[in-house]
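2 protein chains.
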Amino acid sequence: MLKPNMNYADLKDSYLFYNISQKIASYLEAHPGARLLRLGIGDVTLPLCEAVIGALKGAVDDQAAAETFHGYMPECGAPFLREAIAEHYRSRGVNISTDEVFVSSGASDELGDILDLFDRGNTALVIEPAYPAYVDANVMAGRKIIHVPSGEENGFLPAPPDASADGEDAVADIIYICSPNNPTGAVFGRELLKKWVDFANENGSVIIFDAAYEAFIEDASLPRSIFEIEGAKTCAIEICSLSKTAGFTGTRLGYTVIPKALSRCGMNLNAMWVRNRTTKTNGVSYIIQKGGAAVFTPEGREQIEANINYYKQNARILTEALDKAGVHYFGGRNAPYIWLRCPCGADSWSFFDFLLNEGQIVGTPGSGFGSCGEGWFRFSTFGSRNDTEEAAKRLARLIPNFKP
Amino acid sequence: MLKPNMNYADLKDSYLFYNISQKIASYLEAHPGARLLRLGIGDVTLPLCEAVIGALKGAVDDQAAAETFHGYMPECGAPFLREAIAEHYRSRGVNISTDEVFVSSGASDELGDILDLFDRGNTALVIEPAYPAYVDANVMAGRKIIHVPSGEENGFLPAPPDASADGEDAVADIIYICSPNNPTGAVFGRELLKKWVDFANENGSVIIFDAAYEAFIEDASLPRSIFEIEGAKTCAIEICSLSKTAGFTGTRLGYTVIPKALSRCGMNLNAMWVRNRTTKTNGVSYIIQKGGAAVFTPEGREQIEANINYYKQNARILTEALDKAGVHYFGGRNAPYIWLRCPCGADSWSFFDFLLNEGQIVGTPGSGFGSCGEGWFRFSTFGSRNDTEEAAKRLARLIPNFKP
Chain G
288 MLKPNMNYAD LKDSYLFYNI SQKIASYLEA HPGARLLRLG IGDVTLPLCE AVIGALKGAV
348 DDQAAAETFH GYMPECGAPF LREAIAEHYR SRGVNISTDE VFVSSGASDE LGDILDLFDR
408 GNTALVIEPA YPAYVDANVM AGRKIIHVPS GEENGFLPAP PDASADGEDA VADIIYICSP
468 NNPTGAVFGR ELLKKWVDFA NENGSVIIFD AAYEAFIEDA SLPRSIFEIE GAKTCAIEIC
528 SLSKTAGFTG TRLGYTVIPK ALSRCGMNLN AMWVRNRTTK TNGVSYIIQK GGAAVFTPEG
588 REQIEANINY YKQNARILTE ALDKAGVHYF GGRNAPYIWL RCPCGADSWS FFDFLLNEGQ
648 IVGTPGSGFG SCGEGWFRFS TFGSRNDTEE AAKRLARLIP NFKP
Chain B
288 MLKPNMNYAD LKDSYLFYNI SQKIASYLEA HPGARLLRLG IGDVTLPLCE AVIGALKGAV
348 DDQAAAETFH GYMPECGAPF LREAIAEHYR SRGVNISTDE VFVSSGASDE LGDILDLFDR
408 GNTALVIEPA YPAYVDANVM AGRKIIHVPS GEENGFLPAP PDASADGEDA VADIIYICSP
468 NNPTGAVFGR ELLKKWVDFA NENGSVIIFD AAYEAFIEDA SLPRSIFEIE GAKTCAIEIC
528 SLSKTAGFTG TRLGYTVIPK ALSRCGMNLN AMWVRNRTTK TNGVSYIIQK GGAAVFTPEG
588 REQIEANINY YKQNARILTE ALDKAGVHYF GGRNAPYIWL RCPCGADSWS FFDFLLNEGQ
648 IVGTPGSGFG SCGEGWFRFS TFGSRNDTEE AAKRLARLIP NFKP
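In order, the protein sequence lines correspond to chains G and B. Once you know that position 221 of the first sequence is 508 in the working numbering, the rest is easy, because the numbers rise by one and skip nothing. Once you know that position 277 of the second sequence is 564 in the working numbering, the rest is easy, because the numbers rise by one and skip nothing.
Watch out, some of these pointers could steer you wrong.
Since copy identity is lost for identical chains, a pair holds within one copy or between any two.
[Claimed, not checked] Here are the simulated lysine to any residue pairs, SDA-like style, with alpha carbons at most 25 Å apart: (1) 431 - 294; (2) 431 - 408; (3) 520 - 408; (4) 611 - 315; (5) 680 - 353; (6) 611 - 672; (7) 547 - 687.
Simulated from the structure, these hints should not be mistaken for laboratory data.
Bound conformation, chain G alone (with noise of 0.2 Å):
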């Protein structure tokens, strides 16, 4: 008799985003035609590039000739696109070659299938509040999760565990680094970062770095990537995608960098995720690949800078409407999130009804983080400008007279 994997039944009942597309399907069956300016899901509005869909229609082109077809892909990735992504990082001082690159369907797709890296003994440190799929993928593997709450007091960045102190259970095997953080919007600086590299060279752990919302960095004395941190080669996976950065959402494409120098117990990490991708996919489309491998040319550059400065615009516009409100935030600078304290005390999904019903406005409530996100409250800033100008108004209106 097949046994199904039964962890599966040791996760939570149900999936953040689907709870909140629940309660807008609710409001819309009420209120036919209503328009929601949508600031929960960080979703991107900006079509795609003009040099990413040049590439796209070549590579759809190259797909309806004999002579320029292309067939099965490398697994590990296009050698056009892996050396890109190096140049990318070499162009940053970082230096790394082109087999530590892997080309992915994305982050979200990556940090699922990652996993298979490591023996389900393993336990997980996820500083929380926190993407929702890092702890729900480790259930699913039966991996025991360590919790470790962030919050103001350490301005959502904690510092590794006292090992000493703390005893064993603090010790993870694998560690959760997302900077920019989702959903907080705080960047770890190089200090307590190096911090992290050193706890986790020092306990054999790995750290899984979550560089997906690097490219909205503008302050440069934060590290866009783990590599540029002193030690992280024998410790860290970075885990990037071209979502944020380029618009890539519903065009998937990531990467990923294992170091060649990344070994545990006699196995190399670089070399499992060869032989994992050589046995478990054929590659990402040619035609995707083609279109991201135009995100890395200077033209590319130009453009993808122009659309992410657009939603740093709407960070500005929301961030001026609660500064007004005196409404008390984290992100929006360096991030594209918005992590505020929900006002008078009100908890997250009372928040979020009230904005909702009230403004038509759809964020996204902090406890579906982790239970230290609760009386918390995130706003992305990849909708249109409208709605975010829209929103903006509203907030400034409706957050003085809200009563929880």
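Once you have looked at the hints, place chain B on chain G.
Positioned in the frame of chain G, the structure of chain B alone reads:
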């Protein structure tokens, strides 16, 4: 200290297609400029059909304007594509509902991912010769493999083990059936497939039915889907691909059917897969899904049928040459692979070396698909017409002179 997934150490040292590529590389180094006739890996050579190209272009255009731009796609697949696939099943008399269809990045990706649904203590039955990833993906999870050899005596189509006679060891939890088969080209008939379905239902096993080559079946009496067999909905998952059906090897798209009636130990596998997808992926590229949907239009069906007929003509050209040379083979009808007995009792790699060195023909050694494939050899019929015709000529000339 992080412990890697030590099951990777149990993987056999190298991968069939990697070995072939190394042999080819060595040959080309020794013979620069040599033109190889590639009948090895099952990669298509015809470009995408017009209907698909048109849909891909339209989708790229959609991504170029804010009004038509698509961000995150539903994790289980775009409704338009899920519905087109379900309708395609229904048009063939198989009643599948839209929410039993899941869009994937391709069968090879899905064959790896789907195993997350099962406990690692389960056993996996693999009918050999077999696609190597069935075994490797389960070795990576630490599962015990039950190798069921097949051979000429049963036309490479074995009956289920006799649980009462063969003991508990014969009753596997996960059963792989690939029909039309890669590499042997053998296709299960309804009666024999029904025996496997009954066996799975009686023993609580789950069949992973790999239907990647179903489009090549021309004999109407042969089942193209396991769901044509009564009882399959309570014991089978069907994994399909557009790679061979519509030339998507480098474009990447597939689909999976998990019936809502499929449960084990109180866990519903369809619901588990929804949860898996919503946690571990953000869906397949909008552009590629639009291209895939065009395959299911009347125009698309007609155009891919023409391409499939082109490959079937390749099969006729090759099998005629083998007939003339007195070589015994399976497949080549209802299947895109030809599985031949190496002449003069040669072993698979000797015949590979002979064809490469003497005929510049690349095939696939049967021993790479399991030990019972030793002495056999696979040709793909997905090559270009020129290569196929030239290979047929050379085979007719070379085989009579082959002395291992």
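These are the hints, each one checked on the structure:
no., hint, verdict
1, 431 - 294, "both (11 Å within a copy, 20 Å between copies)"
2, 431 - 408, "both (8 Å within a copy, 19 Å between copies)"
3, 520 - 408, "within (24 Å within a copy, 34 Å between copies)"
4, 611 - 315, "neither (30 Å within a copy, 70 Å between copies)"
5, 680 - 353, "between (55 Å within a copy, 23 Å between copies)"
6, 611 - 672, "within (19 Å within a copy, 71 Å between copies)"
7, 547 - 687, "neither (55 Å within a copy, 49 Å between copies)"
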